[in-house]
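K.L.:
Here's the letter readout for the chains.
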Amino acid sequence: MTSLDFEGRFGTIRQAAPAAVSEFRSEAAQGRDELHRLRRHLRDLEVERDEFRRRNKLKRTARWASGGNLTLKVGILLAIFVFEVFLNGFFLAKGSELGYLGGAVEAFTFALLNVGVSFLIAAAGVRELNHRNLLRKLFGLLSLLCYLGLAIGLNLALAHYREVSGSLVSDAGRQVLMRLEAAPLAIADVKSWLFFGLGILCSLIAFVDAFLIFDPYPGYGTLEKRRTEAHEAYIRQKSDLITKLLEIRDEAIEILEDANRDLSIRRGEHDAILEGRARLARLFAAHQSHLDRAANALLAVYHEANKRQRKTPPPPRFSARFPLDKFPIDEGWLETSARDDLRRSIADSQAVLVGQVQAIHAEFERAFASYREIDELVEEKTVAKSDAKAA
Amino acid sequence: MESTQRSALARLLNGLKREQHDYRPSLEVFPVLNIDKLAGEMALATTGAERGAREEPASDSIAFDDVENRIIERVEAEKNAAHGLLLDELRTYNIRSV
Numbered sequence: 001m002t003s004l005d006f007e008g009r010f011g012t013i014r015q016a017a018p019a020a021v022s023e024f025r026s027e028a029a030q031g032r033d034e035l036h037r038l039r040r041h042l043r044d045l046e047v048e049r050d051e052f053r054r055r056n057k058l059k060r061t062a063r064w065a066s067g068g069n070l071t072l073k074v075g076i077l078l079a080i081f082v083f084e085v086f087l088n089g090f091f092l093a094k095g096s097e098l099g100y101l102g103g104a105v106e107a108f109t110f111a112l113l114n115v116g117v118s119f120l121i122a123a124a125g126v127r128e129l130n131h132r133n134l135l136r137k138l139f140g141l142l143s144l145l146c147y148l149g150l151a152i153g154l155n156l157a158l159a160h161y162r163e164v165s166g167s168l169v170s171d172a173g174r175q176v177l178m179r180l181e182a183a184p185l186a187i188a189d190v191k192s193w194l195f196f197g198l199g200i201l202c203s204l205i206a207f208v209d210a211f212l213i214f215d216p217y218p219g220y221g222t223l224e225k226r227r228t229e230a231h232e233a234y235i236r237q238k239s240d241l242i243t244k245l246l247e248i249r250d251e252a253i254e255i256l257e258d259a260n261r262d263l264s265i266r267r268g269e270h271d272a273i274l275e276g277r278a279r280l281a282r283l284f285a286a287h288q289s290h291l292d293r294a295a296n297a298l299l300a301v302y303h304e305a306n307k308r309q310r311k312t313p314p315p316p317r318f319s320a321r322f323p324l325d326k327f328p329i330d331e332g333w334l335e336t337s338a339r340d341d342l343r344r345s346i347a348d349s350q351a352v353l354v355g356q357v358q359a360i361h362a363e364f365e366r367a368f369a370s371y372r373e374i375d376e377l378v379e380e381k382t383v384a385k386s387d388a389k390a391a
Numbered sequence: 392m393e394s395t396q397r398s399a400l401a402r403l404l405n406g407l408k409r410e411q412h413d414y415r416p417s418l419e420v421f422p423v424l425n426i427d428k429l430a431g432e433m434a435l436a437t438t439g440a441e442r443g444a445r446e447e448p449a450s451d452s453i454a455f456d457d458v459e460n461r462i463i464e465r466v467e468a469e470k471n472a473a474h475g476l477l478l479d480e481l482r483t484y485n486i487r488s489v
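Line by line, the protein sequences give chains A and B.
Read left to right, the first sequence gives residues 1 to 391 (our numbering).
Read left to right, the second sequence gives residues 392 to 489 (our numbering).
So here's chain B without its partners, still in its complex pose (with noise of 0.2 Å):
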């Protein structure tokens, strides 16, 4: 019972100190993403690990697996995400200087 409470309580503590995005603290318009914790969030040193005693992907794979195309949408989701900021930024520039 006391270990459940425990773990509950690191739990909360953990939230509360977990940060509310992926990206480092930053006053620039881009903000830097957090490797270590992104890798965390996606597990990928856990899953790796998994997938290796499996035997995953194998040898003769050529395409990507399921974590791997995670990865990939995840970095260009936020590739997207700052062209459509730099578009935005750029659009305003325009009309400013019209």
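Just chain A, same shape as in the assembly (with noise of 0.2 Å):
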């Protein structure tokens, strides 16, 4: 058998209640801080970002690849490289010294140089040439010749290397220094022309496609990727907080509908059994009096039988009613509705109940204004900085 509990329950409710909206707050306060601090990192990259641009004098968003994008411009990097070691392969077939295996290490050697270096070059040398800062600029000048003399003198070095091998002449690498020296032009076969039109070919497209991938100008795409990662980072982390803070407030309310729910189901259970104790009371009376109906009709079969065989008269309690002794009947027993103070106390605590889902629907809006609020703090601390500065 469970009893209702009631003051266990009030003692539950006064004391989790509160604590509710506690935990709430304290949640709250701690998504903010992390906020707060996501926030700053990614307003001082916007101030460097915003640096960055001003010292360079650039007025124009950065460019970068990503994605879908970056994935199909490495593809086309790869299918040149891949393209170019069969363009090797197939032109330098003519006789290699080293057989098939050498030979494809010779065909793979040189799409490497060809296609990488090119691509790195243009990467990390040329794109100086952007630069604002002159020896920058000289740099990537200087990246840009080594970039045009590696093209060309490799290809012409490939074309060479084919005529020679195709002459089955040993100690080709020597032969092709020397013909280089001698007569760099003086390639015969028009297909060796061709081969070294393709493979000048190959590197311009992958001395493009660095551009592509990477901004032009240096340190800039960088810079704005950082700033986007973390941009990102704190969407993804307000949004975060915020569905988090929107379970712990559904499940906290549910939790205090539920215990409101209860105090009304228990209210109901408790006039149940006071209705049934009354009810028992009513029928213990009924029952007092039916046991002093049942003493005297049992009396009259014994008197009713004697007086009719008795000549004398009977005695005069024959003629009179015997009263029954009875047990009082508790007029609290027969009470049907609750105490006033049970019923004050169950009211308070709902009250307590439906004031502290208030009181988290309250919160949850602060929280969410204070979130919203971060950017417009961390904007307010950075202009009043930079007024400071100006002063």
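The hints are simulated quantities; they were obtained by calculation from the structure and are not laboratory data.
What you are looking at is a predicted structure, and each value in this text was computed from that prediction instead of being measured.
Keep in mind that a hint or two might mislead.
Stated by the list, open to error - Only pairs whose alpha carbons sit at most 30 Å apart, straight line, appear in this in silico BS3-like list of lysine-lysine:
{"#": "1", "chain 1": "A", "residue 1": "Lys326", "chain 2": "B", "residue 2": "Lys428"}
{"#": "2", "chain 1": "A", "residue 1": "Lys244", "chain 2": "A", "residue 2": "Lys225"}
{"#": "3", "chain 1": "B", "residue 1": "Lys428", "chain 2": "A", "residue 2": "Lys311"}
{"#": "4", "chain 1": "A", "residue 1": "Lys225", "chain 2": "A", "residue 2": "Lys238"}
{"#": "5", "chain 1": "A", "residue 1": "Lys307", "chain 2": "B", "residue 2": "Lys428"}
{"#": "6", "chain 1": "A", "residue 1": "Lys225", "chain 2": "A", "residue 2": "Lys59"}
{"#": "7", "chain 1": "A", "residue 1": "Lys225", "chain 2": "A", "residue 2": "Lys57"}
{"#": "8", "chain 1": "A", "residue 1": "Lys59", "chain 2": "A", "residue 2": "Lys73"}
{"#": "9", "chain 1": "A", "residue 1": "Lys137", "chain 2": "A", "residue 2": "Lys73"}
With the hints in hand, could you dock these two chains into one complex?
P.N.:
Okay, here's the thing in structure tokens:
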């Protein structure tokens, strides 16, 4: 048998309901601190980006390949590399001293040099031409010259190598160098010129690909990428925190509403118990009356039989009614509604629960607003700092 | 012999038919007393007639005689049992409602 345990419920509600609001508040404050840190980091990156743009007189947004675009451009680079390997294999197949394996290694190595180095020089060196710093610009110019020299030199050497290896002479490498020194453009076979042109084309595609993957201005793309990542992290964290707060709010409200419903149910059960008790008391009163009648009926059976046989008059009590002593019925047993103090306590607890539900709603609104205010707060601080700097 | 046998069977049958208690069949918490059965069991009519023939109790007697006392004790016992049941039930209700 379980008791209604109103006092226990009141105690739990008095303790748990305000605790739910405190927990919610602490969760919101923790989220606010975390969000503030991320927003400050983002703001620092924005300042750094703005400063970079101002210093380098950049007015456009940064460009860099990402997602499917990046996959496509890297795919193009790989396709060019594979094409170059096959191209080398096809054109240098006239005769390799090292056999098939040696030919394949040569094809792979030259393709790597032609495509890979072109891409690297463009990405790390030639882009410096766009930089405002003169020294870096000079480095970019030197890189461009290096690239041109390497692309033309390497592809000319390959064209000569094709011709030399085709005549089955030994020491083809030395022969190529000698030919390059003596008459670099003396290539007799038109297929070798075609080989040279295709090599230059592959190199140029890899070169341009570097400009499409990275922002043309050195450092700008990386900085903007860091800023974008920080912005995304901030937005994601904000969204996660709001979702978490929503979950906590909904769960807390559900529990508080359950507790409210539980009180109503217990109140109903309490009333049913009082009804049962009153009914029992009324039944007992009726039973005592029945016993009173039963005693008199049994006495009457005895008295009547006795009177019929006797000749002398019966004792006077034979004609009197026997009064059965009855147990008193407590007035309290007949009460069918809850005590006033219990009613008041239930109403108070339900009011506490309703109040706490409203408090959690209000706390959520406050937390939500404070998350939005972080943007303004950080902005204001930054403006104040720059104003102070200007003054 | 036959009459003795018949009366033995009649007694057995009476015993089978006889209710195991002095109450009327009921779903009530406090069962209602079966007055006719109780009067029969206590042989009130017979005892009353016998004592009446002997002019007992005396016309001037004030106190209850043995038979009357037995009736009153039986009903009082029933009342006390019902009161005990009431208190037990009330205790259960009180435990549940606290």
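K.L.:
Give a verdict on every hint.
P.N.:
Going down the list of hints, with the structure as the test:
no.	hint	in the structure
1	A:Lys326 to B:Lys428	holds (24 Å)
2	A:Lys244 to A:Lys225	holds (28 Å)
3	B:Lys428 to A:Lys311	holds (29 Å)
4	A:Lys225 to A:Lys238	holds (20 Å)
5	A:Lys307 to B:Lys428	holds (21 Å)
6	A:Lys225 to A:Lys59	holds (17 Å)
7	A:Lys225 to A:Lys57	holds (19 Å)
8	A:Lys59 to A:Lys73	holds (25 Å)
9	A:Lys137 to A:Lys73	holds (26 Å)
Violated hints: none; the structure is consistent with every hint.
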